[in-house]
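So the chains spell out like this:
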Amino acid sequence: MPQTKPDGITPSQTVGPYFAYGLTPGGKYDWNDAFNNSLVTPDTSGERIRVEGTVFDGDGVPVPDCMLEIWQADAQGRFSDPQDKRALPNTSFKGFGRIGTDAKGHYAFDTIKPGGVPDPDGKPQAPHIVLAVYARGMLLHLYSRIYFDGEAANAADPVLALVPADRRATLIATRQPSSGNAVYRFDVHLQGDKETVFFDV
Amino acid sequence: MTLVYPVQSLAAHPPRLSPAYKSTVKRSPSKPLIPMRHTLSELTGPVYGHETVRASDHDLTVHGKGEPIGERIIVHGHVLDEDGRGVPNTLVELWQANSCGRYVHVVDQHPAPLDPNFTGAGRTQSDAQGYYRFITIKPGAYPWGNHHNAWRPAHIHFSVFGHSFVSRLVTQMYFPGDPLFPFDPIFNSVTDEKARNRMISSFDLENTKPDWALCYRFNIVLRGRNATPMENS
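For the record, the sequence lines run as chains U and Y. The numbering of the first sequence is the numbering used here, which starts it at 45 and goes up by one. The numbering of the second sequence is the numbering used here, which starts it at 776 and goes up by one.
A couple of the hints might just be wrong.
Stated by the list, open to error - The calculated DSSO-like cross-link candidates involving lysine-lysine, where the alpha carbons are at most 30 Å apart (straight line), are:
#	chain 1	residue 1	chain 2	residue 2
1	Y	Lys913	Y	Lys806
2	Y	Lys969	U	Lys49
3	Y	Lys913	Y	Lys984
4	U	Lys49	Y	Lys984
Honestly, the hints are just simulated from the structure, not real lab data. Since the structure is predicted, the reported quantities are computational estimates derived from the model, not experimental observations.
Bound-form chain U, shown alone (with noise of 0.2 Å):
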């Protein structure tokens, strides 16, 4: 072990253009995905949802070489993390997924509608799924949230409070018209008069 302490943190560098070998292969080349879009299991509890969308620049031209990370609790709350205190143990829900977007910079997750979280006050925010956008062009990874529409949580939300109200649109997923489970849209602005509300984190 170094004895010295560091001065300071490595610093961020694009993932590039060319992320997809090591990271979202998608079957595309002979190594296998750590993680996917798709986070559920068949014994996972919760509503089946879909969250789907395209990631436009500041032109809004959609971006084909970004990748999006998302982080999540499960149906109750909690996370799958042993820092979180709450956590069940043996729970089959990682709560991580991982996706490029494709030619047309679209995405899609294939997962539940998360419970429920604390803010550090303890108070329950509104459901929500964490965001992470990387791309060729980006030095630094852009920190986003994903709130659901129809929520009447989302009101009293201390995060989503934040944000200036005409704004707050720009982080809440909308529900499209579906036969089978719950498809919401949520597409991501990287810059302009639409710009997805990003996070200081």
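Mind docking chain Y on chain U? Use the hints.
Just chain Y now, with coordinates in the frame of chain U:
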């Protein structure tokens, strides 16, 4: 619970808008980011490793039918937090070009040969002390379209999680003494020289394997959990 990951650590990161790296111009937010207190969503993170990492995944030289072409190297080090504590059992993923500077990627059009015995992707899990080790091939420099006569210094991409979603880091490891450093806007996007130098591995003669491979040490330093705990009052 309170904010336990120091935000001042983030000053080491490059600004998202770094115009010398042209692709940042349309891909960085134009509005200020909104600061927030960390909740369980930020303070927890994915715990992966045992079930996804195979024993040979750390050795990028053994997955073809023969030996890959190039200079075999060992890359090892510790995943640490900024207080010097090892980060145990965390997934470390890497990807890189081959010795000719070519990626196994469908859109890489650099006219350099692909190596049928080298794919350039690997992963491992840090041990209980945060130590990790890879065996690979030294990547080559390659041209890119950012500016006239633009070449990336040789580098290996690293992805690590650490203790939580806010310690998540994707970075690039560089090699000491690379003559391309002064000309690379991605490397130089990190404006502080000390911070920039933390991305450069050190030649590690002591751990070089005689008659077999040179060795480079690269410590990956993540934000320090609990570095500045504050009371809720």
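Check: Where does the structure disagree with the numbered hints, that is, which hint numbers, in rising order?
Finding: The structure breaks only hint 1.
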